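Residue numbers (this note's numbering), protein chains in the order written: chain Y, 1 to 186; chain C, 1 to 186.
To be clear, the hints were calculated from the coordinates, so they are not data collected in a lab.
Quick caveat: nothing in here was measured; it's all calculated off a predicted structure.
From the three backbone atoms N, C-alpha and C, an ideal C-beta is built for every residue, glycine too.
It cannot be assumed that every hint is accurate.
[Unchecked claim] Below 35 Å or equal to it, Euclidean Cα-Cα: the simulated DSBU-like pairs (lysine-lysine) are:
(1) Y/78 / C/52
(2) C/60 / Y/60
(3) Y/16 / C/60
(4) C/16 / Y/16
(5) C/16 / C/52
(6) C/78 / Y/52
(7) Y/78 / C/16
(8) Y/52 / Y/78
(9) Y/52 / C/52
[What the hints assert, rightly or not] Okay, the calculated beta carbon distance ranges per label pair:
(10) Y/50 / C/91: 30 to 38 Å
(11) C/101 / Y/20: 23 to 31 Å
(12) Y/66 / C/24: 21 to 29 Å
(13) Y/129 / C/91: 24 to 32 Å
(14) C/68 / Y/152: 34 to 42 Å
(15) C/113 / Y/122: 28 to 36 Å
(16) C/126 / Y/125: 16 to 24 Å
[Stated by the list, open to error] What the simulated footprint calls covered on chain Y by chain C, stretch by stretch (three residues with Cβ under 8 Å from a Cβ of chain C suffice, anywhere in the stretch; the number is not a length):
(17) 109-121
(18) 139-145
(19) 163-174
There are 2 protein chains.
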Amino acid sequence: MADLYLVLLHHPVLDKNGQIVTSALTNMDIHDIARTARTYGVRQFYVAHPVKALRVLAAKIMEHWDTGYGSTYNVTRKDALSLVRLEHDLDSTLLTLERESGMRPRLVITSARGGPNRTTFGALREQLASSDEPHLLVFGTGWGLTAEITERADVILEPVCGPTDYNHLSVRSAAAVILDRLCGAR
Amino acid sequence: MADLYLVLLHHPVLDKNGQIVTSALTNMDIHDIARTARTYGVRQFYVAHPVKALRVLAAKIMEHWDTGYGSTYNVTRKDALSLVRLEHDLDSTLLTLERESGMRPRLVITSARGGPNRTTFGALREQLASSDEPHLLVFGTGWGLTAEITERADVILEPVCGPTDYNHLSVRSAAAVILDRLCGAR
């Protein structure tokens, strides 16, 4: 079974007009995705933001849950947030991950948009079950990841589809569905 | 195919000590679960809170997305939030739903806790596909629904399980996984 890692990128991402921007760090993203990651056995959840002041803010919030009042108020939250590592961007995340795991991970890009060469959830689930290589699932904020990131993919995952044509899940909800499809009990 | 409805209850719910409380309304719950509901073809998403001031606040926020600046800034959000109806509690929700659909819905209780008489996701998925009765999926906030609510269930759904024993998904994430398991493209 491959070790699974997540990264949430805030730059470079698209805004609704297709411009490349840096999105704001959202506290709820860290909490929700950490809890999802902990549920589905993810090894580490990297939150990448290029602005140091926001990383410092995130560290302060996490400290509340790790050693502050939150650590005794809600131990399940402390448990989930222990998976979070703050990073600068995708490259710094890859360096950290490679240093920790000893291997360069396979990059799995998630997207709400369809396109050529998408890998199905079933195929990636099988790949994860039979692989020894670490896999890094890449999630974008804002209106999604840029071509610059997508082009680096080893795998581009098919979009999550329901029975409608609406494809605007929050990244928190999308991460939950994607991990459930890849690692949920069947 | 059965019409599917959701309700998010804020009273009566449990706190972490098992006491019955009223939880606060969370803006992100409304947005995330509305987007999930819209993705998976849910007919209506009821947000039930007994405190009128909080329902008024929620209505004001929704107005921003329905007719205010948000309605042109992000039409996909307007689309999702159009499914939301504010209610007082489970009983007022059932009255409204029965008036709109002409039928009393089957009550499907969700819970992160296991127990006797749980219905599997597969079984409920089949039931929804072959039924003409509306089904109302009930989600709790805080630390979950009380026995008073659970006892009214026609169906108690099995908990969402990953490969770990951690069962503390946010209600936003749990709603996404549950709807994907019941209605996601297969």
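Against the structure, the hints:
| no. | hint | result |
| --- | --- | --- |
| 1 | Y/78 / C/52 | holds, 34 Å |
| 2 | C/60 / Y/60 | holds, 32 Å |
| 3 | Y/16 / C/60 | holds, 24 Å |
| 4 | C/16 / Y/16 | violated, 40 Å |
| 5 | C/16 / C/52 | holds, 25 Å |
| 6 | C/78 / Y/52 | holds, 34 Å |
| 7 | Y/78 / C/16 | holds, 15 Å |
| 8 | Y/52 / Y/78 | holds, 23 Å |
| 9 | Y/52 / C/52 | violated, 41 Å |
| 10 | Y/50 / C/91: 30 to 38 Å | violated, 50 Å |
| 11 | C/101 / Y/20: 23 to 31 Å | violated, 46 Å |
| 12 | Y/66 / C/24: 21 to 29 Å | holds, 24 Å |
| 13 | Y/129 / C/91: 24 to 32 Å | violated, 46 Å |
| 14 | C/68 / Y/152: 34 to 42 Å | holds, 39 Å |
| 15 | C/113 / Y/122: 28 to 36 Å | holds, 30 Å |
| 16 | C/126 / Y/125: 16 to 24 Å | holds, 22 Å |
| 17 | 109-121 | violated (count 0) |
| 18 | 139-145 | violated (count 0) |
| 19 | 163-174 | holds (count 10) |
Checked against the numbered hints given earlier, the structure breaks hints 4, 9, 10, 11, 13, 17, 18 and satisfies all the rest.
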